[in-house]
Amino acid sequence: GAVVSQHPSWVICKSGTSVKIECRSLDFQATTMFWYRQFPKQSLMLMATSNEGSKATYEQGVEKDKFLINHASLTLSTLTVTSAHPEDSSFYICSAGGGSPPYEQYFGPGTRLTVT
Amino acid sequence: GEDVEQSLFLSVREGDSSVINCTYTDSSSTYLYWYKQEPGAGLQLLTYIFSNMDMKQDQRLTVLLNKKDKHLSLRIADTQTGDSAIYFCAEELTGGGNKLTFGTGTQLKVEL
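Chains as they are written, first to last, in my numbering: chain X, 1194 to 1309; chain R, 16 to 127.
To be clear, the hints were calculated from the coordinates, so they are not data collected in a lab.
Beta carbons are placed, not taken as given, at the ideal position from N, Cα and C, and that holds for glycine.
Treat the hints with caution; some may be incorrect.
Said to hold, decoys possible - Cross-link-like lysine-lysine pairs, in silico, DSS-like; alpha carbons within 30 Å at most:
{"id": "1", "chain 1": "X", "residue 1": "1207", "chain 2": "X", "residue 2": "1248"}
{"id": "2", "chain 1": "X", "residue 1": "1234", "chain 2": "R", "residue 2": "85"}
{"id": "3", "chain 1": "R", "residue 1": "114", "chain 2": "X", "residue 2": "1259"}
{"id": "4", "chain 1": "X", "residue 1": "1234", "chain 2": "R", "residue 2": "124"}
As the list claims (entries may be wrong) - Per label pair, the in silico range of CB-to-CB distance:
{"id": "5", "chain 1": "R", "residue 1": "54", "chain 2": "X", "residue 2": "1273", "range": "42 to 52 Å"}
{"id": "6", "chain 1": "X", "residue 1": "1207", "chain 2": "R", "residue 2": "74", "range": "41 to 51 Å"}
{"id": "7", "chain 1": "X", "residue 1": "1207", "chain 2": "R", "residue 2": "127", "range": "40 to 50 Å"}
{"id": "8", "chain 1": "R", "residue 1": "97", "chain 2": "X", "residue 2": "1235", "range": "15 to 25 Å"}
{"id": "9", "chain 1": "R", "residue 1": "90", "chain 2": "X", "residue 2": "1210", "range": "29 to 39 Å"}
{"id": "10", "chain 1": "R", "residue 1": "53", "chain 2": "X", "residue 2": "1201", "range": "16 to 26 Å"}
{"id": "11", "chain 1": "X", "residue 1": "1266", "chain 2": "R", "residue 2": "127", "range": "20 to 30 Å"}
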């Protein structure tokens, strides 16, 4: 199956700083990538849908100025958490999709962000 | 809006069958999926079913779909300790732009 990587796998940063998370599809071209966050023992919440070459579509309640998404190529999407605060600490997971039905999404391994 | 519910926890003995249940509210789904998540990792697609099917079998996995009751289940035969993980059902809606709505997740614990 297709492989999606994320970098870094974990990051600890100080409150007020910005953190960039990369999501790469390694062996296929992903026209659409999705960003999720997951709190401990909870489900995945979709944050935004990222389409190559266009602006991301954010879900209701997600601050687009705080969570900057860039999908500059068919193999790379980035999520930047700006001015991070402790409440932004979470597990961030990306997925890449496309192709034929059932339009399977391939998930990255996730990035654990801890803001101190 | 859509709402996808699962029971939180299931414990089974090794070798027994596990049945994980999922209920959803939105009937305009195209595909329904089952994903597995091991600790600290991303999601792995286990299987999926198209909404006009009522059953799909894939090796040890059997998916049952009752559209009338909006109920989806995943049966794992001969459950092994390596099956211990969190299982999420997910719904893809017609015209939803391939977005998935995930269930609340069921933690499966397999005991010796």
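How the hints compare with the structure:
no.	hint	result
1	1207(X) x 1248(X)	28 Å, holds
2	1234(X) x 85(R)	24 Å, holds
3	114(R) x 1259(X)	22 Å, holds
4	1234(X) x 124(R)	14 Å, holds
5	54(R) x 1273(X): 42 to 52 Å	27 Å, violated
6	1207(X) x 74(R): 41 to 51 Å	48 Å, holds
7	1207(X) x 127(R): 40 to 50 Å	44 Å, holds
8	97(R) x 1235(X): 15 to 25 Å	24 Å, holds
9	90(R) x 1210(X): 29 to 39 Å	47 Å, violated
10	53(R) x 1201(X): 16 to 26 Å	19 Å, holds
11	1266(X) x 127(R): 20 to 30 Å	48 Å, violated
When held up to the earlier numbered hints, the structure conflicts with 5, 9 and 11 and fits the remainder.
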